[in-house]
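If you read the sequences in order, they're chains A and B. Going by this note's numbering, 1133 is the number at position 78 of the first sequence; the sequence numbering is gapless. Going by this note's numbering, -6 is the number at position 14 of the second sequence; the sequence numbering is gapless.
Hints listed in this document are in silico derivations from the structure and should not be mistaken for laboratory results. It cannot be assumed that every hint is accurate.
To be verified - Computed cross-link-like contacts, DSSO-like style, restricted to lysine-lysine with a CA-CA straight-line distance of at most 27 angstroms:
no., chain 1, residue 1, chain 2, residue 2
1, A, K1081, A, K1125
2, A, K1124, A, K1081
3, B, K42, B, K24
4, B, K24, A, K1081
5, A, K1111, A, K1081
6, B, K24, A, K1125
7, A, K1124, B, K42
Listed below are the residues making up each chain.
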Amino acid sequence: SQQGEEDPQALSIQEGENATMNCSYKTSINNLQWYRQNSGRGLVHLILIRSNEREKHSGRLRVTLDTSKKSSSLLITASRAADTASYFCATDDDYKLSFGAGTTVTVRA
Amino acid sequence: NAGVMQNPRHLVRRRGQEARLRCSPMKGHSHVYWYRQLPEEGLKFMVYLQKENIIDESGMPKERFSAEFPKEGPSILRIQQVVRGDSAAYFCASSASETYNEQFFGPGTRLTVL
């Protein structure tokens, strides 16, 4: 199955700094999505990037997609304490979403 | 406009008991998906249902697990004779018929098997 794998597993940054995490996947995709999960909560959809797009922005989020390298990155600029969460990339194989194990981001005040 | 609702949020069962997890999709959504998240892992697809139909249950264990989405009422994920390995967070997602890759997730049910 197509499975995103995030890197790094964990990231600790100071408030105001940028956080960058990467996702690699194995086979061709239609779309790649990023989700956030706060501790003990459900997933919140952040952004979807289609296979024919290279970059997408949403507020303080910037996502890039490189289909030749089968990789994507999520950048959170000017991080806040509220950004502390786990971040997952998901590829879709028709209706099945395949998630990686996530990157846990801790933003220190 | 309420999002995806799941209940209970937390469920504790002893080995051998049955667990019933409920999911009400977002208003206007007719497609429901169940995913399981084991500790320190990402979500894994279990089953995809439309009203009164199971479309794909390839991710669901062959025994003890079943799912339904009746014409009226919520979708139910049922786990019979639970074992400790069933302890996980179970998430339901829903989508509109035209955009099944844009799935909206509920808060999850955390099942603990003692």
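Taking the hints in turn, this is what the structure says about them:
1. A/K1081 / A/K1125: holds (7 angstroms)
2. A/K1124 / A/K1081: Status holds; Cα separation ~10 angstroms.
3. B/K42 / B/K24: Holds. B/K42 to B/K24 sits at ~15 angstroms (cutoff 27 angstroms).
4. B/K24 / A/K1081: holds (16 angstroms)
5. A/K1111 / A/K1081: holds (21 angstroms)
6. B/K24 / A/K1125: The given pair, whose Cα atoms are some 20 angstroms apart, holds under the 27 angstroms limit.
7. A/K1124 / B/K42: Status violated; Cα separation ~36 angstroms.
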